[in-house]
Amino acid sequence: MATSGTTSFNLEIDDIIEEAYERCGIRSNSGNDLKSARRSLNLLFSEWGNRGVHLWKVSLYEQLLTSGTATYNTPSNCNDVLEAYISTGTGIGSSITDVSLTKIDRSAYAALPNKGSTGQPSQYYVDRQTNPKVTLYLTPDASTYTYLKYYYIKRIEDVGAFSNDPDVVYRFLPCMCSGLAYYLSIKRAPDRVEALRLFYEDELQRALTEDGQRTSVYISPQTFYGDGV
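FYI, in our numbering the residues of the sequence shown are 1 to 229.
Because the hints were derived from the structure by calculation, they are not lab data. Where hints are given, some of them may not hold.
[To be verified] Straight-line C-alpha distance at most 25 Å; calculated PhoX-like pairs for lysine-lysine:
#: 1; residue 1: LYS133; residue 2: LYS154
#: 2; residue 1: LYS103; residue 2: LYS57
#: 3; residue 1: LYS115; residue 2: LYS149
Kindly generate the complete structure, drawing on both the sequences and the hints.
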């Protein structure tokens with residue numbers, strides 16, 4: 001038996017809304033219901049920002065350093081900065097040298113005695129305001145290392161038009177429909193709230209568990225010395 005040979009399945013926003021309403025036992029095409037569902041879906045995406053790192057939203061950003069400037073704005077869609085390093089140039093190449101930076105919290109940054117000291121940065125602090133800012137220590141002199149590079153988490157894009165595709169990878173399509181059904185049940189099908197919540201949390205947990213980086217793990221036995229204990 002032949003297979004389709006395609007792997008392009010996706011759902012448009014109106015399909016997701018229809019699926020969610022069907023799980024609530026409701027069929028509705030009124031304009032107000034569609035607007036309510038779109039609002040709930042945007043809120044669901046915001047809630048996912050509290051659920052950890054979503055790998056498909058991690059991106060590399062390159063910021064040109066300015067001598068004597070310690071603080072830099074992040075892109076407008078930035079949620080948080082994961083790892084940062086300073087570099088002698090853009091991109092990747094054998095002639096480019098990168099040096100990793102250590103991330104510190106607000107208390108550690110506040111305790112630094114001379115924040116205006118210049119030199120090669122070794123640490124960075126992320127001020128997580130509406131638009132996060134990255135502050136380097138030491139303040140770069142930009143004599144050798146001329147770029148700040150960092151991986152940051154982008155916000156999931158707004159739903160927008162009903163004909164749009166969601167800004168979500170295919171792995172999260174099931175829990176997205178389940179999550180929207182749960183959100184809509186709070187407003188339209190209170191008798192199904194708990195069942196839909198449990199189903200949503202189960203599917204979301206599976207998606208979050210799968211959405212990880214598969215790296216090698218090495219386990220070495222520990223050697224004990226002394227009395228043979």
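Verification of the supplied hints:
1. LYS133 with LYS154: holds (14 Å)
2. LYS103 with LYS57: holds (20 Å)
3. LYS115 with LYS149: Holds, because 21 Å separates the two Cα atoms, which is no more than 25 Å.
Of the numbered hints listed earlier, not one is contradicted by the structure.
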